[in-house]
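Read top to bottom, the protein sequences are chains A and B.
In our numbering, each residue's number is its place in the first sequence (first place is 1) plus 9.
In our numbering, each residue's number is its place in the second sequence (first place is 1) plus 70.
Calculated directly from the structure, the hints in this document are not laboratory data.
Any given hint might turn out to be false.
Claimed, not checked - Some, not all, of what chain B presents toward chain A, calculated at C-beta under 10 Å:
| hint | residue |
| --- | --- |
| 1 | Gln191 |
| 2 | Tyr192 |
| 3 | Ala256 |
| 4 | Gly307 |
| 5 | Gly310 |
| 6 | Pro311 |
As the structure is a computational prediction, the values presented were derived from the model and not from experiment.
Glycine included, C-beta positions come from ideal geometry on N, C-alpha and C.
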Amino acid sequence: MATDMVVPEVHSFEQLIARAKERTSSSRPKAALAVPSAPEWLQAFDRAVKEKLVEPVVVGDETLFRKMTAASGIELGNAEVIDINQPDAAFVTAAQIAARGEVDLIIKGRGSMVDFLKLLLREETLFKVRGRLISHIAVMKPERYPKLLFLTDAGVVPWPDLETKLALVNNVAGFAAAAGVDSPRIAMLAAVEAIYLQMPVTTEAAVLAKMSDRGQIKGALVDGPLSFDVAVDTVAAYSKGITNSEVAGQADAMVAPNIETAIGVYRAMALYGRAEVGGLLFGGRVPVALANRWDSVASRFHSIVLAVLAATN
Amino acid sequence: MTTEPVRSSDQLIERAIAIASESRRKTIAVAAAQDVDVIGAVSQAEADGFLRGILAGDKEAIQRLAGEQQIPIDRLEIIDERDVDRAAHTAVRLASEGNADAIMKGFLPTSALLKTVLDKQYRLRGKNTLSHCAVLDIPGYHKLLNFTDGGMIVRPDWEQKLQILENAMSVARALGLSPVKVAISAAVNERTEKVTHTLSDVDFIVPRASEQFDDIRIQAPLSFDVATSEKAAAACGVKGPVVADADIFLVDSIEECNIICKSLIQFAEAVFAGVIVGARVPVSLVSRTDTVKNKKASLALACVLSDYYMRTNLRDDGGY
């Protein structure tokens, strides 16, 4: 049944990497690693530099950075370093130079996501674009799914309302297109496929699906409510009677009803789904590559690649 | 009988078979059994030797469906009742009168069956709300993980969450777990006003649960990765009795539970056993999209749970 599925030309991380390399062959985006910490980030950054994807900038404590690179045998020697030893100030500076166009993407090093967001969104950074939502987008390639799955929002919005969900849809559609997946099939995830008035998640999903039917959402096909299995499994979609959907059984992207769900799925897939993963913040002045604290070098490299694709579109 | 904890779906099925051979097979009464997946699952569990099935429903349809799919039903008892609502009452009455140990949903809406289960005349109501437990055997995780509630209560308040937890504790004890390690889910790993449910989780649920259950180790809030993975816990710097070792993952919304479980079933080859808990007998349901193994595990869970209710007199006392 999986053969019925529409698989976009770009459907693997290898292809995302190849695409990013094509885009950066003539001019490379500047990437600022804000507050270097985990050796895994330095290794992933080093790989991105070696593969000519980015020009490195480091914002943080220079002495510490030199010590870390010496210890791990990583080059990054030519990286421009903006020496700021206070982490919060380093984050603010990274956001400011990004807003001024001096760097094209940020890599978030150490620190909690909540604190980082607070610093990023401070008025004086000018990082936020008026009228645009900044959201988290995870990209996963589970071993048992033949294409990439974009998932939002596992990082910023705890319980999106209807208006915010529309912004999440637009962001994930915009980023998917930048990554090479045009007109993504977006599933509004729920626990069920039917619409129940006492379950707001289902009514809100239905509104967005109808807006999509009416052509009010550009560059995406949106359907919902859809349960996870119906969204990704044509057999499940068929047996639940969802047969006239452009999205059911073959979703490219998913909007989770809340942050707990998105985080749970993202991390469950990384830990137990043998999925390749990466993630970024999208919708600000520049994209921000992000990682789970326990992510591998490969996952962090993927995150940088995603940010490169967003920055070079 | 062995009291080794049940740690996998295979062990769950083995336990149901052991119960059948050491005492007696449990009987499941199916409401409106004219559903090919249900007939297939009950017939299979009967053949596996851990279940006796009574099919209340449209006899003609049951026989036709079984014939079409070549499902052996000659060892299953059929009570002919064409009316779906009356078939539900028949199945529930069997449980109420002690002639069935568990109830199973057939060809009728879950809500219609549960309404009948909760009908006061049958005295099957417990003191708690009904809730759903999804017991997952996730390859790569060293034990079963009970996700709850992904089926009944859309957004439980803290008192409902405590009842959902109590229901899940009965499942954990039926599986022979001691202590029972409970993680209350959140997107963060520390109590914060920014995530309001972490306040009630930490301030209300943890102290009450700790007082109520001698055998509980409970920690809140914990994200899924920290609750199940050493690597994640170490990287996030979270310590505690439940970290990387949770038996129960108590979540904050029906969507969270349902969607995470289905992602694990779909892409991580997790085997799933589901049951509705909170009445004096377990209520089992299987769906068309369940694999043969999932259906078998779900029925095995209903058997193991009903045996626990029997042994601990919860069935009569109405503890759950």
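Each hint tested on the structure:
no., hint, verdict
1, Gln191, "violated (27 Å)"
2, Tyr192, "violated (26 Å)"
3, Ala256, "holds (7 Å)"
4, Gly307, "holds (8 Å)"
5, Gly310, "violated (17 Å)"
6, Pro311, "violated (20 Å)"
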